[in-house]
Each structure stands twice: as structure tokens, then as C-alpha cells.
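There are 2 protein chains.
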Amino acid sequence: MRIAQIAPLWVPVPPITHGGTEYIVSLLTEELIKRGHDVTLFASGDSRTSGKLVSTCPKAIWRDRTLEDPHACILHLIKKAIQSAHEFDIIHNHLGFYFAPFAQELKIPVVHTLHRPLYPETHRLYQETRNVHFVAISRDQAASAAPLAIEKVIYHGIRIDQYPFSAQSKGYMLFLSKIDEEKGIIEAIEAARIAKQKLIIAGNIVGKEGHEFFIRRVKPRLDGKNVVYAGQADFNKKIELLSGADALLFPIRRREPFGIVMIEALMCGTPVLAFKEGSVPEIIEDGKTGFLARSTIHMAHLVAKIPEINRNTCRKVAEERFSLGRMVDEYEQLYRDILTHRI
Amino acid sequence: MRIAQIAPLWVPVPPITHGGTEYIVSLLTEELIKRGHDVTLFASGDSRTSGKLVSTCPKAIWRDRTLEDPHACILHLIKKAIQSAHEFDIIHNHLGFYFAPFAQELKIPVVHTLHRPLYPETHRLYQETRNVHFVAISRDQAASAAPLAIEKVIYHGIRIDQYPFSAQSKGYMLFLSKIDEEKGIIEAIEAARIAKQKLIIAGNIVGKEGHEFFIRRVKPRLDGKNVVYAGQADFNKKIELLSGADALLFPIRRREPFGIVMIEALMCGTPVLAFKEGSVPEIIEDGKTGFLARSTIHMAHLVAKIPEINRNTCRKVAEERFSLGRMVDEYEQLYRDILTHRI
Numbered sequence: 000m001r002i003a004q005i006a007p008l009w010v011p012v013p014p015i016t017h018g019g020t021e022y023i024v025s026l027l028t029e030e031l032i033k034r035g036h037d038v039t040l041f042a043s044g045d046s047r048t049s050g051k052l053v054s055t056c057p058k059a060i061w062r063d064r065t066l067e068d069p070h071a072c073i074l075h076l077i078k079k080a081i082q083s084a085h086e087f088d089i090i091h092n093h094l095g096f097y098f099a100p101f102a103q104e105l106k107i108p109v110v111h112t113l114h115r116p117l118y119p120e121t122h123r124l125y126q127e128t129r130n131v132h133f134v135a136i137s138r139d140q141a142a143s144a145a146p147l148a149i150e151k152v153i154y155h156g157i158r159i160d161q162y163p164f165s166a167q168s169k170g171y172m173l174f175l176s177k178i179d180e181e182k183g184i185i186e187a188i189e190a191a192r193i194a195k196q197k198l199i200i201a202g203n204i205v206g207k208e209g210h211e212f213f214i215r216r217v218k219p220r221l222d223g224k225n226v227v228y229a230g231q232a233d234f235n236k237k238i239e240l241l242s243g244a245d246a247l248l249f250p251i252r253r254r255e256p257f258g259i260v261m262i263e264a265l266m267c268g269t270p271v272l273a274f275k276e277g278s279v280p281e282i283i284e285d286g287k288t289g290f291l292a293r294s295t296i297h298m299a300h301l302v303a304k305i306p307e308i309n310r311n312t313c314r315k316v317a318e319e320r321f322s323l324g325r326m327v328d329e330y331e332q333l334y335r336d337i338l339t340h341r342i
Numbered sequence: 000m001r002i003a004q005i006a007p008l009w010v011p012v013p014p015i016t017h018g019g020t021e022y023i024v025s026l027l028t029e030e031l032i033k034r035g036h037d038v039t040l041f042a043s044g045d046s047r048t049s050g051k052l053v054s055t056c057p058k059a060i061w062r063d064r065t066l067e068d069p070h071a072c073i074l075h076l077i078k079k080a081i082q083s084a085h086e087f088d089i090i091h092n093h094l095g096f097y098f099a100p101f102a103q104e105l106k107i108p109v110v111h112t113l114h115r116p117l118y119p120e121t122h123r124l125y126q127e128t129r130n131v132h133f134v135a136i137s138r139d140q141a142a143s144a145a146p147l148a149i150e151k152v153i154y155h156g157i158r159i160d161q162y163p164f165s166a167q168s169k170g171y172m173l174f175l176s177k178i179d180e181e182k183g184i185i186e187a188i189e190a191a192r193i194a195k196q197k198l199i200i201a202g203n204i205v206g207k208e209g210h211e212f213f214i215r216r217v218k219p220r221l222d223g224k225n226v227v228y229a230g231q232a233d234f235n236k237k238i239e240l241l242s243g244a245d246a247l248l249f250p251i252r253r254r255e256p257f258g259i260v261m262i263e264a265l266m267c268g269t270p271v272l273a274f275k276e277g278s279v280p281e282i283i284e285d286g287k288t289g290f291l292a293r294s295t296i297h298m299a300h301l302v303a304k305i306p307e308i309n310r311n312t313c314r315k316v317a318e319e320r321f322s323l324g325r326m327v328d329e330y331e332q333l334y335r336d337i338l339t340h341r342i
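Those protein sequences? They're chains A and B, same order as listed.
Sequential numbering from 0 applies to the first sequence in numbering that gives the first Met the number 0.
Sequential numbering from 0 applies to the second sequence in numbering that gives the first Met the number 0.
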């Protein structure tokens, strides 16, 4: 198939530090190419792909401080995609609502993966959008999208070979995410403190607001011994931290549509203690691959039960349910079904 | 003619405090209706028009803190405009680059007024845009847009009857603009101080960055006597301040595409001391309706020459060159020329 993948322009594909959507777009693109498809990636100029790259800005928007009208790059990218639409069998949009109004005018089908939570204003736009096959990344996200018609739920998947299994952990809890109130960093610190466990925090601090949040709310809680900030983690550092953790703490405070870090933990054999928000109960099986907490104190109490979780089971579940192969199988099948008018 | 006017969504049409583009869109829309045209205004839900209003958000984006995806409202508005395009003879876009990629697919002509400075990323997009008749708001802006083909230069115009002429000023300089480094507020204060003149400052402070700028750079320079901050001005306050000023100080630090406040000052009979940037020399005739300064010190020296300017002349020039009637004549003629394929 001749496939266009349209990525967001905020960070490169694949991302350098944070960027879950761009990570998935990269994995999907490269695997589709490996399977013999002709894939064109529409993304920032500092993206890398073994397929064709089409770009409208030399650097991803968040890496280029010279841009005054960053959204012009986005609209320009969409323009390029529309103009070359006849060269493709299918367009797969990951750029969110920016592309939606254009889909209708195209003569080829558009798959649109909903990567982010759906806000009311976005929802209103999507409900008037035609010629788009919407994919949700969890059943909970699909439910939140009602009455929008969701074609399929496809869970994210990651490369099994990139995540070595670790049978033995090293005696600490891990918080691994952007340092952000919504991600539950304060709750993670409090849960670890109450449970008298060491907590390692890794993740990047984004923007002025992020820095202010870190200085005012997080830094005063660090002691360099039991609560440690390890900076932002590149891929190797992330694997090292995940492999060594007794558990990943994921006290997410929003209706999380997926949460890639949970499946990365499971792939390393690391159980997850998470708040029961959004997609979390679909990804973490309570008592099998981790525990679902109702509150910070509940999470602290659940720490004592971590040894009940078998790390081999975590790995096995991740391989079965969250592999890249399975994800790409599902997208390939969806493209095929659409093109043969089965759906 | 059946005309669609597409406004930006950031502030209402007409604006409440700042918003030059939205002010012009409102004036143009209402005058076209008065002349018998059938005008539909695409704008935020809190906009007012005697024509039809189409909206996708109840409030302008800057007035609605609940929006997480404000750009979805913009894309939605564009979608609505495209879908109803067959109901119009012509679309006039003031929303900037967001609409550009869509113009090509339309069967009706699109006029696009460039309201803002052209940044490289926007320029790249416009150069690939077809089916758009670009209007520049000054000759300097048209020059800055090269090699983009500009159909016409149309200066902004305002309602003569809304600006009473003031033959006599009250002995102060005025700075009237968003409180912003680029607008030259620091230069205005320094020029007034060197010239030993009272300066009244009026204008709004926008966002966190604006507040920080005000607190750190402007507030320490206020003394409540010779340098006074009068807060943000509504329309009546603005007229009062302009009418009483010996001169408007306009030490703009960017390549200003137009600068509506200059023609508002002239309409009240108030001369303008301005930096010679962008469109300024096209609007202010040196020695006739004000003076063009090369630097802050030069501006301070020119203050002594203000009595040489005849306030009647300022008013007369404004009536001749910058009236709403003249602006709407020009846009009407442009629409007509396009529709009869004369251009």
C-alpha cells in the first residue's frame, strides 16, 4: 500500500526525550516499511525515517525558538499532504484536529488516530467531520468520544526486542513522566514517603510553567536520598530505570487515553501501581500486572503487596497484548478493510 | 454581493479593548451591510453584527479560559466557511494563514488581507497558496511580502463621525498601545523624560509575560505625576486621551504593517511622533502631520517642534486618506473587479 503518515510537528519523529505520539508514529512507520509498504512521513525536518520524509520546517516546533507563526508550518504540512493525496492509497493522520476539516474534500480514505484526550471544542469539530475513520487508543477513550463513531480501538504497541526483561529489581519505586501536576508527581512522592520506599523521579521539565512547578512543588520534596530527581532520561537510561524498579508509580490525575510508560514498564517485567483513571484498568490487570489505587494513601498501602506480582507475568502479558507486531497487524488490517470497502 | 467575512477568533468582533484586526473587520462588515450587501461574519460567539453571525465557540479564545484546544475552534470555523462557500460570491479572509491551504479547493474567489507582519514560515506557506487575492495594508508590507504577488494595497480606514476633532490639546504626550517592549513603551518614557514632558500611558497588559514586563520594566519608571499609567482605555477613554494629547508617541520597534492608533490620533487632530519603521512614513507625513524620529533622543528633540504642526491639517489628511468610506470603496471595487474577472 502507498501510505501517508502525518505526524505532529511539535517534536521530531522519533522523539528525542518526550513525545508519546511521535514515538508510536515512528514505530508504526518503520514497521510498515519493513513489511513492504511505500510510506511517506509528513513530519518536522529533524525527523528520521527509512521512508520518504516531507517537511515544512527544518526543526520541530518546540526545538525552534525562531518561529513566530509555528501553526503556519502545520497548515503548510497539511497543504502538502492534500496536494499529493493522489499519490497515496490511504492517509493516516496523527496530527489531531488540524487535519480534520480537510479530510472531507479528499477522494482517498483517512484514518485518524485519536492520541489525546477529547476536549469539548475538539469533539464538536470531529462530530461534523466526514470521510474519517476514527481509531481510539483505548476502550475508555472510545467511550469518552461518544456519540462520535469510533471505527476501532487499537492499543499502542512497542518493540519487544528493545526492552530487555529484568527478573530482579533493585529496591526503589519509579516515577517516569513529564514533571507535571496532572501526571501525579506530588501523589507519587507522597505515596512513596508514606510507604517508606525510595523514589526515583525521571522526566523532563517543559516550559516556563513546568520550571515554576518544579521549583515550587517538587524541589522542596527532594532529599537526594529517599526522593531523588534523576533528570530527564534518554532511551537507555529509561530502560535502566524501569528494569531496576520494584514498581512504576502512575498516579495519573486525568482521564488518560493510553499511557505508554505503563506498557514499557510491563515489558521490562516491572509491575505498575496506578490510579484507576481512563484507560488504566484496561492496561493494568489488578493483582496480576500491578494494582489499581483509589487514592494516594491506598497506593502507599498497596506497595506492600508488590511482591505478590510475578515479573514474568508482566513481561508475558506485555508481549501478548502490547507488542508492535500486534499493533501494526491491526492497523494493516484496518487499512485493508477500508480499501476493500469491507468497512 | 453575498460576502463572507472570516475574522480571527482571539478577540470578539468588534473588540472590547485591544484588537486592531477585529476592529477593522467590524467596521468593514457593518459598512458593507449598510451599502446593501448580504454579509455573513464568521467570528467568535460574543461578536456583534447586524448581518449573520456564524460561530464555533461561545466566547473569543482569549476570554475563555476553559478551552484546551483553542485551535480546534479555528479549524472548525474554517470548516463551516468551506461547507457554506456555495452560498457566497466571495470570501474575505482576515484569519491569516489558517485559511490559506483551503482556498485552493474552493470554486469562489478568496480575498485575504494580510493584517500581521509576514514571518518566514508564513511566507513559505503563502507562496504556495493559489486562488487567493492578497491585499497588503501598506506599501511597505507589500514590499516585505515579495516575491508574493500582492493584488492591491488598501489602507485601513475609520469612521470620521466617531472621532471628534479637538483644536486644543491639554499639555501631555500620549502612549496608547498594548504595553509591550516591541511597541516601544520604554522608548516613549525615555523620550518624554528627556524632553521634560508629561507622559500618559494607556493600554492593556496581556498575559503572564505582559504582567512581568510591566512589573519589571514599566512600573519602576512611573512616578504618578510626570509618567502616569492610566490603565486600559475603552473607546470613550481613548478618544478623550487622544483629543487632549499634544502628540501621540509611537516609537514602534518592529516593521509595523499599519498602526491604526496613528490614524485615530490624526482624526482627533493630534500629531504623531513616530519611529520611521515599516508603514510609518506612509501614514505620517514628516513635518505635516507629525515627525519621523531616528532614535529616542531624536524623538525627544522633535517634541519642541510639535507646535509647528497644524491640528486642522492632521484632521483633514485623516479624513481624506483614512476614512472608512474610502477603505470600503476600495474593497468593494476589488470584489467587483475580481467577480467580473477584470483581475
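Please note that a few of the clues may not be correct.
One copy or two, it doesn't matter: identical chains are merged, so the pair holds either way.
[As the list claims (entries may be wrong)] As a list, the in silico BS3-like pairs of lysine-lysine whose alpha-carbon atoms are at most 30 Å apart: (1) Lys51 <-> Lys287; (2) Lys151 <-> Lys195; (3) Lys207 <-> Lys58; (4) Lys169 <-> Lys151; (5) Lys195 <-> Lys106; (6) Lys287 <-> Lys58; (7) Lys237 <-> Lys169.
Note that these hints are calculated values from the structure, not bench results.
Within a copy, between copies, both or neither: which one fits lysine 207 and lysine 58 at a CA-CA cutoff of 30 Å? both (21 Å within a copy, 27 Å between copies)
Using 30 Å as the alpha carbon limit, work out where lysine 51 and lysine 287 are close: within a copy, between copies, both or neither. neither (42 Å within a copy, 59 Å between copies)
Since the copies are identical, ignore which copy is meant and state whether lysine 287 and lysine 58 lie within 30 Å (CA to CA) inside a copy, between copies, both or neither. neither (43 Å within a copy, 48 Å between copies)
Using 30 Å as the alpha carbon limit, work out where lysine 237 and lysine 169 are close: within a copy, between copies, both or neither. Result: close within a single copy only, 15 Å intra versus 68 Å inter.
Under a CA distance limit of 30 Å, which applies to lysine 169 and lysine 151: within one copy, between copies, both, or neither? neither (39 Å within a copy, 71 Å between copies)
Between the shortest in-copy and the shortest cross-copy C-alpha distance, which are at most 30 Å for lysine 195 and lysine 106: within, between, both, or neither? neither (60 Å within a copy, 68 Å between copies)
From the Cα coordinates, with 30 Å as the cut-off, is the pair lysine 151 and lysine 195 best called within, between, both, or neither? Neither, since 43 Å and 72 Å both go past 30 Å.
Checked against the numbered hints listed earlier, the structure breaks hints 1, 2, 4, 5 and 6; every other hint is satisfied.
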